[in-house]
Structure formats: C-alpha cells, structure tokens
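Asker: Here is what each chain is made of, one letter per residue.
Number of protein chains: 2
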Amino acid sequence: MESTFYNYLKKKVLVKSEHLPLLADEVSKRALSKGELLLSEGQVCKNMFFMEKGLLRLYSIDEDGREHIIQFAPENWFLSERDSLYFGTPSGFFIDALEDTEVVVFDQQFVDRASEISPEYRTYNEYILQNHIRHMQKRINLLIGATAEKRYLDFIKLYPDLTMRIPQWMVASYLGITPESLSRVRRGLSQKNPE
Amino acid sequence: MESTFYNYLKKKVLVKSEHLPLLADEVSKRALSKGELLLSEGQVCKNMFFMEKGLLRLYSIDEDGREHIIQFAPENWFLSERDSLYFGTPSGFFIDALEDTEVVVFDQQFVDRASEISPEYRTYNEYILQNHIRHMQKRINLLIGATAEKRYLDFIKLYPDLTMRIPQWMVASYLGITPESLSRVRRGLSQKNPE
DNA sequence: GTGCTTTCTTAACATACATCAATGCACAGC
DNA sequence: GCTGTGCATTGATGTATGTTAAGAAAGCAC
Chain A
114 MESTFYNYLK
124 KKVLVKSEHL
134 PLLADEVSKR
144 ALSKGELLLS
154 EGQVCKNMFF
164 MEKGLLRLYS
174 IDEDGREHII
184 QFAPENWFLS
194 ERDSLYFGTP
204 SGFFIDALED
214 TEVVVFDQQF
224 VDRASEISPE
234 YRTYNEYILQ
244 NHIRHMQKRI
254 NLLIGATAEK
264 RYLDFIKLYP
274 DLTMRIPQWM
284 VASYLGITPE
294 SLSRVRRGLS
304 QKNPE
Chain B
114 MESTFYNYLK
124 KKVLVKSEHL
134 PLLADEVSKR
144 ALSKGELLLS
154 EGQVCKNMFF
164 MEKGLLRLYS
174 IDEDGREHII
184 QFAPENWFLS
194 ERDSLYFGTP
204 SGFFIDALED
214 TEVVVFDQQF
224 VDRASEISPE
234 YRTYNEYILQ
244 NHIRHMQKRI
254 NLLIGATAEK
264 RYLDFIKLYP
274 DLTMRIPQWM
284 VASYLGITPE
294 SLSRVRRGLS
304 QKNPE
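Protein chains in written order, with the numbering used here: chain A, 114 to 308; chain B, 114 to 308.
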C-alpha cells in the first residue's frame with residue numbers, strides 16, 4: 114500500500130522497512146463526504162483515524178444544542194475520541210467531516226500490536242500522547258487565564274492554515290466564544306493594526 | 114523500601130514481585146514544607162513525582178502576576194510538568210506545596226527503564242497518560258461550553274476531598290474565575306438549595 | 001442566470017463575570 | 001490577651017462577552 118500513511122510511517126514514525134508491510138497493509142481506508150458523521154454521541158468509539166486528506170472535527174453538543182469544538186484534524190494528524198476508545202465508554206462527542214476526507218482506520222489493538230512489532234512505532238505513539246497533553250495543557254492555561262483576543266491571536270499563529278479553511282464561527286466555537294464576539298475581536302484587532 | 118510508593122506499585126500498578134526491588138529501590142524521596150517550590154518557571158523539569166503525602170499544585174503566573182492553577186495533586190497521584198519533562202523545554206509553570214508534602218522523585222529514564230523491565234508498569238503508565246487526556250478533554254469542554262456554576266458543581270463532585278483542603282480562591286483559580294465570583298456562585302447555589 | 005442557505009458583520013440591549021473597596025472572621029505569632 | 005495576616009463575603013460599578021435581530025456578502029443548488 115503506497116499511500117500517505119505508508120510514507121508517514123516510514124518518514125515520520127521511522128518504522129523500519131521490514132516492519133512496514135506488517136503495519137501499513139493491515140489497515141483499512143474510508144472516504145467521507147463533507148458533513149458526514151464518523152462518530153456520534155453515545156457510540157463507543159472503536160477506531161483511531163489517520164488523516165490522509167481533508168479535515169475532521171471533534172465536538173460536543175450541550176443541552177441547549179450548542180456545538181463546542183474540542184479539536185480539528187487536518188492532513189497527517191491522528192484523531193480519535195481517546196476517552197471512549199481507550200476506556201470503552203460511550204462517547205460524549207461527535208466527529209464529522211468539514212471537507213471531503215480520506216482517513217486510514219485502525220483500532221487500539223492495531224496500536225498495541227504495532228507497538229510490539231516496531232519499537233519506533235511505540236516511541237512515536239507515546240510522542241503523540243505527550244504532544245496531545247502538551248497542547249491541551251496550553252489550551253487550558255489560555256482558557257482560564259487569557260482574554261478571547263489573546264486566545265484568538267494564539268490560534269491564528271498556531272494554525273494559520275486552519276484559520277483559512279474553516280468558517281469563523283467554528284474558530285469561535287473552538288475558542289469558547291460566540292461568532293459575534295469573535296467578529297468584534299477581529300474588528301478591534303484590525304483597528305489597532307491597520308494594514 | 115516499604116512505602117506508599119512500594120504498595121502502590123504492587124497493588125495498583127500490579128508490578129510483579131520480582132520486579133519490585135528493581136523499581137521501588139531505585140527512586141529517591143523528598144520532603145517539602147508547605148509553600149516550598151518544587152519547580153519554577155524557566156527551569157527544565159527533570160522529574161516526575163509520586164505523592165506519598167500532602168498536596169501539590171501546578172500553576173502558571175501571567176503578565177499581570179495572576180496565578181492560574183492547572184492541576185492539583187493529592188496522595189497517590191503522579192505529577193509532573195510533562196511538557197518540560199518530555200520535550201526538555203523550559204517550563205512555563207510552577208509547582209509548589211500546599212501542605213507539608215512527601216514525594217517520590219524519579220525521572221523519564223526511570224519510566225522508560227521501568228517500562229522495559231515490567232510490562233505491567235508500561236501498561237499503567239499508558240493508562241495514566243490516557244486518563245490525563247480524558248480529564249483535560251473534559252475540562253476543556255466545560256471551559257468552552259459551561260458556566261462558572263456548572264464548572265464549580267462538576268469540581269466539587271469530582272474532588273469533594275480537595276474542595277475541603279484548599280482555599281476557595283484556589284478553586285476559583287482552577288475554574289478560571291475570580292474568588293469574588295466563586296463566592297457569588299456559591300451564594301446563588303445555597304439560595305437555590307437551602308439545607 | 002435565480003433563488004436559497006450560510007456566513008459574517010453590525011447595532012442595541014442583556015448578562016455574566018471582573019474590579020475595586022470595605023468589612024468581618026478565623027487563626028497564628030507574640 | 002492583642003495584633004497582623006490571609007481568606008471569604010458583600011456592594012457598587014465596570015467591562016467583556018452573550019443575545020437578539022437585521023442586513024450584506026458569499027457560496028451552492030437548480
């Protein structure tokens with residue numbers, strides 16, 4: 114299977130050549146149209162996804178029907194609802210496609226087996242977990258300590274490409290504010306920084 | 114070394130008896146007085162801590178000198194500034210003791226070696242990472258989607274013991290609001306729920 | 001193209017939460 | 001005992017953000 118995933122395992126995860134077929138050939142693929150649901154609240158998440166193409170989002174819907182975006186996943190990212198995947202509990206979150214998307218689909222068993230076969234994979238998997246924690250900790254720190262403006266500036270600095278690909282109201286949802294507030298924040302910034 | 118840590122490794126982590134001396138005897142201990150700093154901003158965090166006794170907090174201080182509490186760690190918890198520990202970058206956070214505290218001190222090398230020696234330790238270590246992610250994801254979801262009142266109710270339900278041990282202004286800091294606001298939230302609740 | 005939907009913006013108004021300042025209380029040190 | 005210090009509460013007021021509603025611009029279906 115020559116694919117983005119294959120190349121990713123080889124070049125980024127640094128999986129040894131002899132192990133590659135054992136990993137890359139054991140997974141399946143799935144294509145999603147824009148708007149398609151990949152995981153729904155209440156379901157137990159059985160899979161992890163590697164993004165070959167497109168854009169996914171992980172989000173919740175509260176009692177008032179409002180969406181709150183936990184995470185975006187563009188190309189070359191891994192995405193899952195880890196809580197549900199690892200602990201086997203029903204997910205409190207949704208995953209859907211913001212663009213036409215192609216993902217590689219695998220499960221926790223694959224991760225465990227791959228870690229047995231390839232030490233490089235194991236190392237990389239732990240790196241992903243640590244990196245995930247790092248990002249979440251930073252985000253929590255901003256959410257409890259920074260204004261909406263600072264959080265927005267941090268977001269566009271960290272994800273300049275995403276900022277262009279997703280509608281603003283989703284950025285607002287990610288930041289924990291309303292679209293109207295984000296619009297005002299942006300106006301404030303453009304008045305400070307005329308260009 | 115007969116200790117809380119030893120017992121924890123045996124009973125919770127399920128480390129096999131023959132591996133226990135290889136792990137528990139290889140670590141050092143440290144005692145801290147209430148208020149003592151264990152990690153300061155700018156330092157590279159070299160250690161992970163297992164709480165034998167007492168209470169630690171992980172927090173940041175922003176440009177205005179305000180503290181924002183990322184995490185509390187009571188007995189039997191593991192605590193570290195993982196970002197700094199794993200990636201070797203200077204920490205943006207502080208750790209200090211809220212009570213007289215005794216911790217077991219070890220480093221990333223210990224974790225890696227212990228994972229080699231004991232599969233049970235490796236499994237438990239991953240469990241801790243996954244659990245950490247689970248809690249942070251839930252917290253982010255509340256921070257972007259729930260009112261201060263809901264976040265407070267969730268906190269006291271999740272950490273009833275902590276609520277009694279720490280001053281209220283620290284709970285407020287953890288929730289991302291001011292002490293005054295938390296006081297008002299509590300008044301509102303007591304008027305709704307007279308008991 | 002025409003119509004329909006979504007997105008973004010703006011304004012007026014409402015609310016949650018922050019700020020500033022004062023008070024009372026509990027507790028530690030002397 | 002007194003005194004200082006830290007903490008919690010309260011009130012008056014300020015500000016950031018939410019709500020509701022409207023309209024303009026951009027995208028999509030047909």
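Some clues are possibly wrong.
[To be verified] Example chain B residues on the side facing chain A (calculated, C-beta under 10 Å, incomplete):
no., residue
1, L171
2, F200
3, Q222
[As the list claims (entries may be wrong)] Label-pair restraints from in silico Cβ distances:
no., chain 1, residue 1, chain 2, residue 2, range
4, A, Q222, B, W282, 40 to 48 Å
5, A, P232, B, D138, 48 to 56 Å
6, B, L302, A, D175, 34 to 42 Å
7, B, G148, A, Q304, 39 to 47 Å
8, A, G201, B, D138, 34 to 42 Å
[To be verified] Chain B residues, not near chain A, derived (Cβ > 12 Å throughout):
no., residue
9, N120
10, E131
11, I174
12, G205
13, E212
14, R235
15, N306
I should point out that these hints are in silico values taken from the structure, not numbers from a laboratory. All of these numbers come straight from a predicted model, not from anything done at the bench. Think of the CB as a built atom: it goes at the ideal place given N, C-alpha and C, for glycine as much as any other residue.
Asker: Now look at each hint and say whether the structure bears it out.
Answerer: These are the hints, each one checked on the structure:
For B/L171, the interface hint holds, the least distance from its beta-carbon to any beta-carbon of chain A being 9 Å, beneath 10 Å. Here the hint on B/F200 is kept, as its CB sits about 7 Å from the closest CB of chain A, short of 10 Å. Against a cut-off of 10 Å between C-beta atoms, the interface hint on B/Q222 is violated, since the closest Cβ of chain A lies about 14 Å away. Range check, A/Q222 to B/W282: Cβ separation about 46 Å, and the 40 to 48 Å hint holds.
Range check, A/P232 to B/D138: Cβ separation about 27 Å, and the 48 to 56 Å hint is violated. For the pair B/L302 and A/D175, the supplied restraint of 34 to 42 Å is violated, since their beta-carbon distance comes to about 20 Å. At roughly 45 Å, the beta-carbon separation of B/G148 and A/Q304 lies within the given 39 to 47 Å, and the hint holds. Roughly 35 Å separates the CB atoms of A/G201 and B/D138, a value that falls within the hinted 34 to 42 Å.
For B/N120, the non-interface assignment is confirmed: its Cβ lies about 25 Å from the closest Cβ of chain A, beyond the 12 Å cut-off. At the 12 Å boundary, the C-beta of B/E131 stays outside the reach of chain A, the nearest C-beta of that chain being 22 Å off. Distance check on B/I174: its Cβ comes as close as 9 Å (rounded) to a Cβ of chain A, failing to clear the 12 Å threshold; non-interface status is violated. At roughly 8 Å, the least C-beta separation between B/G205 and chain A is not larger than 12 Å, which violates its mark as non-interface.
The Cβ of B/E212 lies farther than 12 Å from every Cβ of chain A, with a closest approach of about 23 Å, so its non-interface assignment holds. Taking the minimum C-beta to C-beta distance to chain A, about 9 Å, the non-interface status of B/R235 is violated against the 12 Å cut. For B/N306, the condition that its CB be more than 12 Å from all CB atoms of chain A holds, with the nearest at approximately 19 Å.
In this structure, the earlier hints numbered 3, 5, 6, 11, 12, 14 are contradicted, and the remaining ones agree with it.
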